[in-house]
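Visitor: Here is what each chain is made of, one letter per residue.
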Amino acid sequence: NAGVTQTPKFQVLKTGQSMTLQCAQDMNHNSMYWYRQDPGMGLRLIYYSASEGTTDKGEVPNGYNVSRLNKREFSLRLESAAPSQTSVYFCASSEAETGSYEQYFGPGTRLTVT
Amino acid sequence: GQSLEQPSEVTAVEGAIVQINCTYQTSGFYGLSWYQQHDGGAPTFLSYNALDGLEETGRFSSFLSRSDSYGYLLLQELQMKDSASYFCAVRGSGGYQKVTFGIGTKLQVIP
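Those protein sequences? They're chains A and B, same order as listed.
Oh and the first sequence: position 94 is 94 in our numbering, straight run, nothing missing.
Numbers given in our numbering equal positions in the second sequence, counted from 1, plus 1000.
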């Protein structure tokens, strides 16, 4: 049981390049999330998916797109990277139906845009 | 929208008790969570309060007062390994799936 996995762990992009961050969970959770974390800013929600086939904007969605490929996988795409998107990106999943709102986080992707 | 306030830094002595406060503003409320994050690591879940009162899990306890829009995390018998950042997070306006995190409280435990 790997929990939540993210690839890649580290990435350096040039301004204007595109990339997709991958996230997968093996806990059969319905809900999945993408956050970014910047120093002194805490975790900010980019997008979330309450269930397979649905996605919704969070607090900071501009410059990002997401795809809920199936119940296990939720990807985050940067179409044209900007230095302001330099951050640590965390994927998370949760299962609200059990009554526990615990979110399980992946190890993170450290992205630098130059 | 939703917003949370918590102290940015707290220092406490090994073996002591420390309380980390969190106040929140939200138009709807489902619950308040606490997460721990060590430097370079991912956040891990500590506790969740949906109703008023105290929830205890080992050395950690969490309290909620919905009428005061206030909660706290209590850490007892502090250990050096408790040095980490602690985040409160609220589920509120926008639906129970939408979670807003505070900026985090960096706890330093000193000998």
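Some hints here could point you the wrong way.
Claimed, not checked - As a list, the in silico DSBU-like pairs of lysine-lysine whose alpha-carbon atoms are at most 35 Å apart: (1) Lys-57(A) <-> Lys-9(A); (2) Lys-1106(B) <-> Lys-14(A); (3) Lys-9(A) <-> Lys-71(A); (4) Lys-1081(B) <-> Lys-1106(B); (5) Lys-9(A) <-> Lys-1106(B); (6) Lys-1106(B) <-> Lys-57(A); (7) Lys-14(A) <-> Lys-71(A); (8) Lys-9(A) <-> Lys-1081(B); (9) Lys-57(A) <-> Lys-71(A); (10) Lys-57(A) <-> Lys-14(A).
Keep in mind that the hints were calculated from the coordinates and are not lab data.
Visitor: Looking back at the hints listed earlier, which ones does the structure fail to meet?
Guide: Result: no hint breaks.
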